[in-house]
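Student: Dock chains B, C and D against the given chain A, drawing on the hints supplied.
Protein chains in written order, with numbering that gives the first Met the number 0: chain A, 0 to 387; chain B, 0 to 387; chain C, 0 to 387; chain D, 0 to 387.
Keep in mind the hints are simulated off the structure, nothing from the lab. If you're wondering where the values come from, they're calculated on a predicted model, not measured in any experiment. Any given hint might turn out to be false.
Which copy is meant is left open, so a pair is good if it fits within one copy or across any two.
[Claimed, not checked] Below, a list of computed lysine-lysine pairs in the BS3-like style, where the Cα atoms sit at most 25 Å apart:
#1 Lys101 with Lys30
#2 Lys115 with Lys30
#3 Lys101 with Lys7
#4 Lys115 with Lys203
#5 Lys235 with Lys12
#6 Lys235 with Lys203
There are 4 protein chains.
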Amino acid sequence: MTDNSVVKAALRKQAIELPSWAFANSGTRFKVFGQPGVPRTPHEKIADAAQVHRYTGVAPSVALHIPWDTVDDYGELAAYAREQGVRIGTINSNVFQDDDFKLGSVANPDPAIRAKALDHLLACVDVMDATGSADLKLWFADGTNYPGQDDVRVRQDRLAEALEAVRDRLSPDQRMLLEYKLFEPAFYTTDVPDWGTAYAHCLKLGDRAQVVVDTGHHAPSTNIEFIVAFLLREHKLGGFDFNSRFYADDDLMVGAADPFQLFRIMYEVVRGGGFEPEEGIAFMLDQCHNIEPKIPGQIRSVLNVQEATAKALLVDAEALSAAQRAGDVLGANAVLMDAYNTDVRPLLAELRAEEGLDPDPMAAFARSGYMEAIAAERVGGQQAGWGA
Amino acid sequence: MTDNSVVKAALRKQAIELPSWAFANSGTRFKVFGQPGVPRTPHEKIADAAQVHRYTGVAPSVALHIPWDTVDDYGELAAYAREQGVRIGTINSNVFQDDDFKLGSVANPDPAIRAKALDHLLACVDVMDATGSADLKLWFADGTNYPGQDDVRVRQDRLAEALEAVRDRLSPDQRMLLEYKLFEPAFYTTDVPDWGTAYAHCLKLGDRAQVVVDTGHHAPSTNIEFIVAFLLREHKLGGFDFNSRFYADDDLMVGAADPFQLFRIMYEVVRGGGFEPEEGIAFMLDQCHNIEPKIPGQIRSVLNVQEATAKALLVDAEALSAAQRAGDVLGANAVLMDAYNTDVRPLLAELRAEEGLDPDPMAAFARSGYMEAIAAERVGGQQAGWGA
Amino acid sequence: MTDNSVVKAALRKQAIELPSWAFANSGTRFKVFGQPGVPRTPHEKIADAAQVHRYTGVAPSVALHIPWDTVDDYGELAAYAREQGVRIGTINSNVFQDDDFKLGSVANPDPAIRAKALDHLLACVDVMDATGSADLKLWFADGTNYPGQDDVRVRQDRLAEALEAVRDRLSPDQRMLLEYKLFEPAFYTTDVPDWGTAYAHCLKLGDRAQVVVDTGHHAPSTNIEFIVAFLLREHKLGGFDFNSRFYADDDLMVGAADPFQLFRIMYEVVRGGGFEPEEGIAFMLDQCHNIEPKIPGQIRSVLNVQEATAKALLVDAEALSAAQRAGDVLGANAVLMDAYNTDVRPLLAELRAEEGLDPDPMAAFARSGYMEAIAAERVGGQQAGWGA
Amino acid sequence: MTDNSVVKAALRKQAIELPSWAFANSGTRFKVFGQPGVPRTPHEKIADAAQVHRYTGVAPSVALHIPWDTVDDYGELAAYAREQGVRIGTINSNVFQDDDFKLGSVANPDPAIRAKALDHLLACVDVMDATGSADLKLWFADGTNYPGQDDVRVRQDRLAEALEAVRDRLSPDQRMLLEYKLFEPAFYTTDVPDWGTAYAHCLKLGDRAQVVVDTGHHAPSTNIEFIVAFLLREHKLGGFDFNSRFYADDDLMVGAADPFQLFRIMYEVVRGGGFEPEEGIAFMLDQCHNIEPKIPGQIRSVLNVQEATAKALLVDAEALSAAQRAGDVLGANAVLMDAYNTDVRPLLAELRAEEGLDPDPMAAFARSGYMEAIAAERVGGQQAGWGA
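Isolated chain A, as found in the complex (with noise of 0.2 Å):
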């Protein structure tokens, strides 16, 4: 297998950015059970946040969600992450919970909601602009829940144009990234339902549009690290919304449903070149942890995705490539598996002691008294969620 130092080198400049809203409250549709200690503002989701990168070392950026996290004054946001020691990273427009987007935001069949729609992305770049984010994340929660409801072909249309104007606002160090989800909330057709329909649009939006992978948006049984290989080679992967999940869109910490899945995923990624900078992969996580606590939550997924990444980079490739190409079935499985099958974490413990860490991230937030600390403090006002 590949050498350690080899290998320790490379986790080094491994970055997991997270996501604001997985600090907040959320759940299913039956029920959202609220936690002691959740933020009430974005300023309490950057502080939370900050402890996951402290302890993990690889987690230094923190993604918006607008209009979650709308503040007054963006610079003095990023100031804040900063001080916090992390920054402000991705975008997220959200065009789906006003009231008009009952039948769809930039594919809707009213015109001024369709212009409602894209002034909130265009603003999402404004919001871009003064926090130095370099990517916008685009999901749209539109389609269609009955047969006939509209116009599949003319929705294309219609979304079309709106990711053209958003890729005409941005400027030249900024990305548009476009995910794709198979259904929910639409629950007949989707206006992005795969990686196809996303990928189609950034090839006519041009080098600035690229695809993001989230984990849990296929179908049952779908190959997803043959996407992120093949999105690899057209070099439009733009990065991942990580997380896991046993059925749907279960939002289950990453790695903690299939951690081989994950690992194979990873393995494409380095196979494919996607840890090198000039690829640009943001590698996000996207999570909801609905009856588990959020910080342990966040820091337990980071991990997960860093002893999946170890693994992958342990992979001995030239052997692997040797068995290959002889047509060594069960022989280039087993050097894969090899890999899989080592237990990386001693060598992750020595990773962040060399690197100042506490070799044991959990047991270490769990002991610095944090979590006690905040359910004390954030005592009245309302705590955030996905509604605000």
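Tutor: Using the frame of chain A, we list chains B, C and D on its own:
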């Protein structure tokens, strides 16, 4: 095909139960879109349900959901229903929205919370006594999100204990209907994930426990009509929660996503004697009208069930059986499809005319002005939803 | 709804292509059950296919599968087809049954095997030249069974190289149709698993390369009609391989498993101009009649496509569009369902009578005595199947 | 985690049964690729299976498939097995490959064919008597391809009748193990599609009938470990047919597609006492090595089961239970994952050394020259496959 007069005679006996919550606001975890005129009280829900019965003639009862439909005087509510021309049907328990139920209700690791959950179930039987309802529907959101989170087997013991206590509380003329669901809101295990689990519990509980089939609660590719046929053969089918889906538990209008599946289900009901009073099958709707108006959505759903039933009744049982016994694959399939391909809307229009109803319930309701009236009248107050 | 005369005029132009192999024996990995009268030669397959056209009037061409339909003189075979009243259609390549193709054909790690596979593809174009076929259908069984078995990305390079070579060999009036399939016979990755992959390759290959949608080749819950609408919008839909399924690639008779889905697909074809000659969409069947008799199975399938098409043509486009633009969810759905719920069999019987055909093709064929005649005549020799 | 010595003691008692047919040729409906050295007789299959036991030490028995393994003298075959160091295990019936079984075996509409199928099942018990096998495994390909093809309910009656006749024929020390499968080769209904159906039949059949879980026979997203836990609680789990899959019944090497799932399954076995002799669980492989060499494929599979078992045994039951009772979601999950993330290969190498085995069975077998020897020796004759 079966003679129209025979079909009509059977259809005259059909009864479809409406869920009170279908008239309230509902949505996804992303957003609940309100609608004008939505009921604020159980009485207003019942008034709306009565409209569906008025125009279709086959929806004489309304299921309640406790605590969403909690009132001080259930006897008065039942009397109100009768005034409106309908009656109170099944009582649905709800042990998934109290903060204590974050890790489950009757299968919770905490015995105090289990006791609280059981208290609620028993209180629902009190409501049944007050309303004269015969059926208690039990759906549990219980389960786990992560491997290892709880002991799958011990949870079964806890579940069994609670079910026995409920069974012991029932009067001789009352039943408990146990519903199963593959996932959501729990995302790793659910404690009653499939019909086999519900069946095994009901077997032990005895004659007053039966299985409810919710048509949206299965794994992809599950053959639901097989389950219906099997449970009918075992006399353990208690009823249906009808809805439809393309993906997960979408809760779309029944018959909207796969009308052929609905027909096949109704065919197995007909073939298995499921319309005979002694089988006691409850035909209930359980749906969410997230974006479409609710009363017309319910009327459409009732019509869809009625149309599927009419087609199922039309199947020439003798010709089908002859082709089946002869091993005539295409011939037997053709007998079934002949009924499915028939346009039964004229037959149903005729039936309605004979019953003194408007032949076109959707149009008649639209003309009635009821929607406009409730939108104007129901101003102020809190619209009902899943939360209240 | 659309006027019947308009519907009939459109239906008169419809053409559905039959697969020669549908008349041969087929089965599962568990067993191939033979049937009396099954063809032993390509000529006998064409004779059987001609029966389907004789009774339906809408199946004027037959696709060949090479080497299953290898003959010495393709010109003679084409002439024989014309005598029988049909013509040779698409040529299907087969690079999955030679022992050399165990680890793939054009994506095989061994360059010599790749060359052999390409030779076969080019030889198929020779057959096209000889038969006058315009379309080459490419389906690759290529893929891997185990993670690590081969390099997913390099396999794309190999695939692209072969596709370019085929493209360069085509005459200006010939096309290549690239088919995708999620899995089977490969069980971990396939090299063209989804429409996005096929689309991306076809884009690079240029105008003469288009995507084929096989209705059984998708992940569970995939919305096929969306893909159809999207590819039509991009002018990259080359054609269909029609069949139906409940589970995987079951290859049941088209329309048998989900007639509503078939209707929705045909509706998107109609709506997207897919019947216009300039779109050049090929409507092909690709099915296995494992247990039912083959010629009647094909007739039934053709009728199912025809009935779905008639319903799609009946949709009142103006009313639908008005309801869609008004955001009338139930109204728009009702317009679509009104067409679907119509019994179009009388209209089709009328159309056939006008064309001089028997109004009931299934019954007319059964009466013809053809099945009995071939069962008596085709004795001895080797029945055709997938292996020859 | 559990002490290594305790884990090793438990592992020493493990026994995994090999299927004779895994050493024969297998494939998909598209192609069966032959391999050099493949057995031509049941004796050669047993010789190959004995190699797997020689190098792993945990595969002491071989399952037969009748008629694939038909011999004149079963006593002699059993003696031959003992000479090779293994014994005959489960007898698998096969009522799906005779031409008469096109429309089913014990559930066929034709009573003569049902009788023929039952005769075969009873003849399998004769084989058990002759070989000393304790278990009869029953898998039925019975089902239908098209709605209406046969009467779903009557087929259950026929099935039940045959199962009772088999039960009555068994000796007191013999069991019948009923396997379920969602689909394939039947594509609309199967007569035993899920564990609930198998369970319901076994309940009625009494103590000598139990359910077999084939890990590839479920609907997508089914939680198999839940079923295992449930059946163990009911003492109705008879055994496993191990394999793995990404899509349908892919029959890949167990543990290859989802090693975490295999671990979760083995954890529920451990937790439910499934290794206790009195539970009598049979741990069998049922796989197809379509493209990889067969003996190494079986060795790898045995190692995968052994590794998953070792990890399951490592779980700190006390710590897990404490975290579960405390409702510590992340803590409980961490206890489970701690065992899963452990590299158990050193422990297993140590165990093998203690048992006098080579620590690396794959390498040791490769070095043995057995593969080369059989390739040279087994020339001529008919390689065994599913057809013979």
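Student: Hints first: check each against the structure and report whether it holds.
Tutor: Here is what the structure says about each hint:
Taking the shortest alpha-carbon separations for Lys101 and Lys30, both the intra-copy value of 21 Å and the inter-copy value of 9 Å come in at or below 25 Å. When the C-alpha separation of Lys115 and Lys30 is checked against a cutoff of 25 Å, the pair qualifies only between copies, where the shortest distance is 18 Å, while the shortest distance within a copy is 30 Å. Taking the shortest alpha-carbon separations for Lys101 and Lys7, neither the intra-copy value of 48 Å nor the inter-copy value of 39 Å comes in at or below 25 Å. When the C-alpha separation of Lys115 and Lys203 is checked against a cutoff of 25 Å, the pair qualifies only within one copy, where the shortest distance is 24 Å, while the shortest distance between copies is 36 Å.
In the homo-oligomer, the alpha carbons of Lys235 and Lys12 lie at most 25 Å apart inside one protomer (22 Å), although the nearest pairing across protomers, at 42 Å, exceeds that limit. Both within a single protomer and between protomers do Lys235 and Lys203 lie at most 25 Å apart by alpha-carbon distance, with minima of 12 Å and 15 Å respectively.
When held up to the earlier numbered hints, the structure conflicts with hint 3 and nothing else.
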